[in-house]
Amino acid sequence: VSKVLDLFEEEHIVEHVKEITPYLEEKLDALVERYDSVLERRGKGLMQGLVLSRPVGEVITNAQKEGLLVISAGGNVLRMVPPLVIEKEHVDEMIIKLEKALLA
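Throughout the sequence shown, residue numbering follows our numbering, covering 90 to 193 in sequence.
FYI, nobody ran anything at the bench for these hints, they're computed from the structure.
Check the hints yourself; a few may be wrong.
What the hints assert, rightly or not - Listed next, with one range per pair, are the computed distances between beta-carbon atoms:
| id | residue 1 | residue 2 | range |
| --- | --- | --- | --- |
| 1 | L94 | A119 | 32 to 40 Å |
| 2 | I185 | E98 | 29 to 37 Å |
| 3 | D95 | L192 | 42 to 50 Å |
In this text, a Cβ means the ideal position worked out from N, Cα and C, and glycines have one as well.
Use the sequences and the hints to build the structure in full.
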């Protein structure tokens, strides 16, 4: 356990998450504004969810076809749990794939 905490400190993981989280939230909030089927964004830190007005299962399947792994959190919440080392370009790539999954 000590080694994990040492790595978090050495790699500035907590600071990185605090830097990336607002960017991720901004991008997900834009999806709420852009798509009627995306009702709301929920979450804390990098663990985020989108409340959908359509079955989440089909969006998960569509996302997997795009190479994006997402999960459900209940019947209508699409959950994203990216790695703590995610960068802004990865968020952008995720959003592109997520939009394709929502439109399919």
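Pairwise beta carbon distance, I185 to E98, judged against the given window 29 to 37 Å: Taking Cβ atoms as reference, I185 and E98 lie about 33 Å apart, which means the hint holds.
CB-CB spacing for A119 and L94 relative to the 32 to 40 Å hint: Between L94 and A119, where Cβ atoms are some 35 Å apart, the hint holds.
Range agreement (Cβ of L192 with Cβ of D95, hint 42 to 50 Å): Since D95 and L192 have Cβ atoms about 44 Å apart, the given range 42 to 50 Å holds.
Taken one by one, the earlier hints all hold for this structure without exception.
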